Amino acid sequence: MIARRRAGTTEIRRDDRDRLGPFGRFYVTFVVVAVVGPFIPLLIASFAFRWNWPDLLPSRWWWEARETARLPLGWDYVFSPVSRVLESAGNTVLIALLVTLLCTLISLPAARVLARERFRGKSFVEFFLLTPLIVPEIAVGLGILVTFIQLGLAGTFTGIILVHLIPTIPYMVRVLTSVFQGLSRDYEEQARVLGAGPLRTMWHVTLPMIMPGVIAGGLFAFLISSNIFLLTFFIGRGRIETLPTLLFSRVSGGGALDAVAAGVALIVCIPGIIMLVLTERFIKEEVFAKGFGG
Amino acid sequence: MTTIRSTLTLLLIAIAMIVGHVHAQPQGDPDAEAFRSAFLAGDLSWDAVLERAAAEGEVVWAHWGGSETLNTWIDTVVRPALAEYGVTLRTSRLTNTRDAVDLVLAEAAAGRGVGQGSIDAIWINGENFFTLSSQGLNFGSFADLVPNSQYFHFDTSNPASGPNLFDFGYPTNREEIPWSGDQYMCAIDTARLERSEAPADFAELEAWLRENPGRFTYVRPPQYNGNTFVQTVLYAHNPDGDGYVSFQNAADALGVDEFIRITQPGYEYLQRIEPFLLGGGGSDGMRGSPIYPEDQNGLEALFVNGEIDMACQFGMYNTAVSIETGRFAETAENVIFPAQGMIKNKNFIGVPINAPNPAAAMVLANVLASPENQISKLGTIGYVLGIDADLLTAEQQAEIDAVAPSLVGITYDELGAVTVPDTNASLVDVIEGTWTAFIERRSGSFEDSVRAAFADR
Numbered sequence: 001m002i003a004r005r006r007a008g009t010t011e012i013r014r015d016d017r018d019r020l021g022p023f024g025r026f027y028v029t030f031v032v033v034a035v036v037g038p039f040i041p042l043l044i045a046s047f048a049f050r051w052n053w054p055d056l057l058p059s060r061w062w063w064e065a066r067e068t069a070r071l072p073l074g075w076d077y078v079f080s081p082v083s084r085v086l087e088s089a090g091n092t093v094l095i096a097l098l099v100t101l102l103c104t105l106i107s108l109p110a111a112r113v114l115a116r117e118r119f120r121g122k123s124f125v126e127f128f129l130l131t132p133l134i135v136p137e138i139a140v141g142l143g144i145l146v147t148f149i150q151l152g153l154a155g156t157f158t159g160i161i162l163v164h165l166i167p168t169i170p171y172m173v174r175v176l177t178s179v180f181q182g183l184s185r186d187y188e189e190q191a192r193v194l195g196a197g198p199l200r201t202m203w204h205v206t207l208p209m210i211m212p213g214v215i216a217g218g219l220f221a222f223l224i225s226s227n228i229f230l231l232t233f234f235i236g237r238g239r240i241e242t243l244p245t246l247l248f249s250r251v252s253g254g255g256a257l258d259a260v261a262a263g264v265a266l267i268v269c270i271p272g273i274i275m276l277v278l279t280e281r282f283i284k285e286e287v288f289a290k291g292f293g294g
Numbered sequence: 001m002t003t004i005r006s007t008l009t010l011l012l013i014a015i016a017m018i019v020g021h022v023h024a025q026p027q028g029d030p031d032a033e034a035f036r037s038a039f040l041a042g043d044l045s046w047d048a049v050l051e052r053a054a055a056e057g058e059v060v061w062a063h064w065g066g067s068e069t070l071n072t073w074i075d076t077v078v079r080p081a082l083a084e085y086g087v088t089l090r091t092s093r094l095t096n097t098r099d100a101v102d103l104v105l106a107e108a109a110a111g112r113g114v115g116q117g118s119i120d121a122i123w124i125n126g127e128n129f130f131t132l133s134s135q136g137l138n139f140g141s142f143a144d145l146v147p148n149s150q151y152f153h154f155d156t157s158n159p160a161s162g163p164n165l166f167d168f169g170y171p172t173n174r175e176e177i178p179w180s181g182d183q184y185m186c187a188i189d190t191a192r193l194e195r196s197e198a199p200a201d202f203a204e205l206e207a208w209l210r211e212n213p214g215r216f217t218y219v220r221p222p223q224y225n226g227n228t229f230v231q232t233v234l235y236a237h238n239p240d241g242d243g244y245v246s247f248q249n250a251a252d253a254l255g256v257d258e259f260i261r262i263t264q265p266g267y268e269y270l271q272r273i274e275p276f277l278l279g280g281g282g283s284d285g286m287r288g289s290p291i292y293p294e295d296q297n298g299l300e301a302l303f304v305n306g307e308i309d310m311a312c313q314f315g316m317y318n319t320a321v322s323i324e325t326g327r328f329a330e331t332a333e334n335v336i337f338p339a340q341g342m343i344k345n346k347n348f349i350g351v352p353i354n355a356p357n358p359a360a361a362m363v364l365a366n367v368l369a370s371p372e373n374q375i376s377k378l379g380t381i382g383y384v385l386g387i388d389a390d391l392l393t394a395e396q397q398a399e400i401d402a403v404a405p406s407l408v409g410i411t412y413d414e415l416g417a418v419t420v421p422d423t424n425a426s427l428v429d430v431i432e433g434t435w436t437a438f439i440e441r442r443s444g445s446f447e448d449s450v451r452a453a454f455a456d457r
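For the protein sequence lines, the chains are L and D, in the order given. One point on numbering: in the working numbering, the residue at position 94 of the first sequence is 94, and numbering is uninterrupted. One point on numbering: in the working numbering, the residue at position 156 of the second sequence is 156, and numbering is uninterrupted.
Where hints are given, some of them may not hold.
Claimed, not checked - Estimated spans, in silico, between C-beta atoms of each pair:
(1) L40(D) / L276(L): 36 to 42 Å
(2) G152(L) / A41(D): 54 to 60 Å
(3) F26(L) / E268(D): 55 to 61 Å
(4) F157(L) / A398(D): 31 to 37 Å
(5) P41(L) / A83(D): 51 to 57 Å
(6) D47(D) / G152(L): 30 to 36 Å
(7) Y187(L) / R90(D): 52 to 58 Å
(8) V256(D) / G152(L): 42 to 48 Å
(9) T29(L) / E268(D): 37 to 43 Å
(10) E395(D) / L230(L): 48 to 54 Å
(11) M211(L) / R90(D): 51 to 57 Å
(12) A41(D) / F157(L): 55 to 61 Å
(13) E395(D) / F157(L): 48 to 54 Å
Think of the hints as simulated: they come from the structure by calculation, not from any bench. If you're wondering where the values come from, they're calculated on a predicted model, not measured in any experiment. In this text, a Cβ means the ideal position worked out from N, Cα and C, and glycines have one as well.
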C-alpha cells in the first residue's frame with residue numbers, strides 16, 4: 001500500500017507537475033502533513049523543560065534550565081552514556097545488518113527455486129514460508145524464550161539475530177521471488193552458452209540484474225529488524241537493549257511524553273531514515289509494486 | 001495491560017515448568033554452591049568475598065529503570081564504587097520488577113540452580129519478594145553478614161528493626177537488605193487548589209469531590225501506587241478503629257470473614273466516591289467510567305496537565321525533585337493526606353538463589369548500604385535512606401540534614417505523626433483482587449468478591 005502510494009506520488013511530481021490540480025495539491029499536502037506532522041510536537045517536547053496543558057509551547061525550555069540542573073536533562077541525558085541511546089543504536093544497526101545479510105543469503109536460493117521450478121508441494125512450501133506473518137509473535141515468543149534459556153541463547157546477540165530472521169525471511173522471499181519471476185532465464189543461458197561457469201554467471205549476470213530487488217528486500221529486512229520490539233524484548237531479556245526496547249521502557253505506562261522520551265523517539269527513527277536515503281536511488285519503483293502485487 | 005502481563009507470566013511459567021521437568025538438572029554450579037554455604041555459615045572473611053567478587057568480574061543488577069535521575073546516579077556513583085573492587089556493574093533497567101522475578105522463576109523451572117542464573121541482585125519489595133521467598137528462590141540470609149550491616153537494626157527486641165525485618169508485614173528473614181525508603185505522599189498544585197481548601201482526610205475528600213467532581217483519581221490497583229491508596233482507605237475505615245494494626249496479620253491468620261468485616265466500610269467508601277472521580281460522571285445517576293491511570297507516570301501526567309488537583313503516589317521527595325526536573329509546576333506542594341495514616345515502608349536489594357556472581361552481589365549490597373552512598377543518594381536524587389540514621393555518627397547525621405531535599409510545604413514532624421506501615425504482604429493480593437472484582441468489574445456482592453479473591457490467591 002505505502003509502496004504504491006510512494007511510487008504514485010513520485011510519478012506525479014516528476015511528470016505531471018504542471019498539471020497537478022487542486023485535489024492533487026491537497027492530496028500531496030495531506031500526505032506530507034500526515035507524515036511530518038507528528039514529528040513536530042515530538043521535536044518541541046524534546047526541547048522542553050516544563051510543558052504542561054494548557055501551554056501551547058513549553059513554559060520553560062531545556063536550554064534555560066540545563067545550566068542550573070544538577071543532573072543531565074533532556075538531550076544532555078539522551079546523549080550521555082547513562083541513557084544507553086548510542087549503545088542501543090549501535091546494537092540495533094549491528095543486529096539489523098547481520099539479519100539482513102543472513103536473511104538475503106537464506107532467501108536468495110529459496111526465491112530462485114520458488115520462482116522457476118515446479119515441484120510437488122510447492123504451494124505448501126510457499127504457504128509455509130508465509131506462516132511467520134500469520135502466527136503472532138507473542139504466540140511463539142514465550143516458547144522460543146524457554147528453549148533459548150535452555151540452549152544458552154537467551155540474552156545473546158546470536159539469539160536475537162536468530163529470532164529476527166523469523167519475521168524477515170517471509171518478506172525477503174516474497175520480494176525476491178517476484179524479482180526472479182521478472183528475470184528471464186535467457187540471459188543466464190546465453191552467458192552459459194558463451195562459456196561462463198555457474199559462479200561467473202551468478203556474479204556477472206544474475207546478481208547485477210537482480211540487485212535492485214535484493215536492495216529493496218534488504219531494506220525491508222533492515223527496517224523490520226530495526227523495529228522488532230516483542231521478540232527482542234523476550235530474547236534480549238534486558239541484557240541487550242535495542243532502540244525499540246529502549247523506547248518501550250521510556251514510554252510504557254501512559255505517562256506524559258517527557259523530553260527524554262521525545263528525544264529517544266526521534267533517535268529511533270534515524271537508522272531507518274538513513275537506510276531509506278542510502279538505498280532509494282538503487283531501487284526501481286516497480287520492485288516495490290511487484291513485491292506486493294505479484 | 002496488566003492482565004495481559006499476568007497471563008503471559010502464567011503461560012511462561014507453565015511452559016518453563018513443562019520443559020524444565022524434562023531437562024531438570026537440580027545440581028547447581030559446585031563452586032557457587034561451596035561459596036554460598038561457606039558465606040551463609042559465616043565462614044568466609046570479607047577479604048575472601050572481595051577476592052572472589054573480583055574474580056567473578058561483574059554483577060548484574062535488575063532495577064526499575066524508569067527514572068533518569070536514578071539511572072544517572074547509579075552510573076556515576078555505584079559503577080565507579082564497584083569498579084574499585086574490580087567488579088563491573090551491569091544493570092538491567094526494568095519497567096516492572098515483576099519481569100526480573102518472572103525470569104528467576106522461569107530459570108528455576110528450567111533447572112538453573114545455584115550460580116547458573118542471569119541476575120545477581122534485584123531492587124525488590126513486597127509481593128515480589130514474597131513470591132521469591134515462598135518459592136525458596138532467595139540466596140539466603142545475607143543482610144547481616146555484609147560489613148555495612150552495622151548501619152541497620154536487626155535486633156528483634158528493638159522496635160526500630162521492624163522496617164528491616166518485615167517487608168509488607170512479611171518477614172524478610174534477612175534475605176534482602178534495605179536500600180531505600182519510601183513514603184506515600186500527596187501533592188497539590190497551589191495555583192489551582194489552595195492549601196486551606198485541600199482535603200485532609202477521607203471524609204473531607206468525599207465532600208470536596210462532591211463539590212468538585214472529577215478533580216481526583218488514583219492509580220489503578222494492582223499497581224502498588226494504587227494498591228497503597230486502597231490500603232490507606234481501608235486503614236481509615238477500619239471499624240475497630242485501630243487502623244493499620246489489624247492489617248498486620250497474614251491472610252490465613254485473619255480469615256476471610258474477619259477480612260470482610262474490617263474492609264467492607266473502606267470498599268464501600270471507594271464505591272461511593274467512584275462517580276466523582278475523574279471521568280466518573282458525577283452524581284446525576286449516570287455511571288461514567290472513572291479513569292484510573294496505570295501507574296505513577298500516568299497519574300502525574302493528569303496532575304501536571306491540570307486534570308486532577310491532587311495526586312497521591314510514593315516518593316517522599318518526589319515533589320521537590322519533580323519541580324527541579326521540570327515535571328511539576330513550581331507551585332506544587334505536598335499536603336498531609338490522609339490524616340488517618342500515610343504509609344511508609346522500606347525497599348530492598350534481594351539476591352536470587354541462582355545469582356551467577358554471588359560474591360559480587362554481596363559486594364553490591366554492601367556498596368549500596370554504605371553511609372557515603374546512601375547520603376549521596378538522598379542528596380542527589382531524593383531517595384530516602386535505607387540505613388538507620390540513628391546508627392550513624394553525629395557528623396553524618398548533620399550531613400543528612402544538610403542534603404535532604406525539602407518536603408515542600410510540610411514538616412518532618414507533621415509527616416512523622418501520621419506515618420503508618422504497609423499491610424501484610426499476604427493481604428496484598430486479596431486487597432487487589434477485591435478491588436478489581438468489586439470496584440472495577442462491579443461483578444457482584446462485596447462478600448462474593450472477597451471470597452473469590454481469597455480463593456484465587
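Consistency of the hints with the structure:
As the Cβ distance of L40(D) to L276(L) is approximately 57 Å, the hint placing it in 36 to 42 Å is violated. The supplied range of 54 to 60 Å is broken by G152(L) and A41(D), whose beta-carbon atoms lie about 31 Å from each other. Between F26(L) and E268(D), the C-beta spacing of about 57 Å keeps the proposed range 55 to 61 Å intact. The hint said 31 to 37 Å for the Cβ distance between F157(L) and A398(D), and at roughly 50 Å that hint is violated.
For P41(L) and A83(D), the hinted distance range of 51 to 57 Å is not satisfied, since their beta carbons lie about 41 Å from each other. Between D47(D) and G152(L), the C-beta spacing of about 33 Å keeps the proposed range 30 to 36 Å intact. The hinted range of 52 to 58 Å is satisfied by Y187(L) and R90(D), whose Cβ atoms lie roughly 54 Å apart. Between V256(D) and G152(L) the C-beta distance comes to about 46 Å, which sits within the given range of 42 to 48 Å.
Our hint of 37 to 43 Å for T29(L) and E268(D) is violated, since their Cβ atoms are close to 57 Å apart. The supplied range of 48 to 54 Å is met by E395(D) and L230(L), whose beta-carbon atoms lie about 52 Å from each other. Checking the proposed 51 to 57 Å range against M211(L) and R90(D) shows it is violated: the Cβ atoms sit about 42 Å from each other. The given range of 55 to 61 Å is broken by A41(D) and F157(L), whose C-beta atoms sit roughly 40 Å from each other.
The hinted range of 48 to 54 Å is satisfied by E395(D) and F157(L), whose Cβ atoms lie roughly 49 Å apart.
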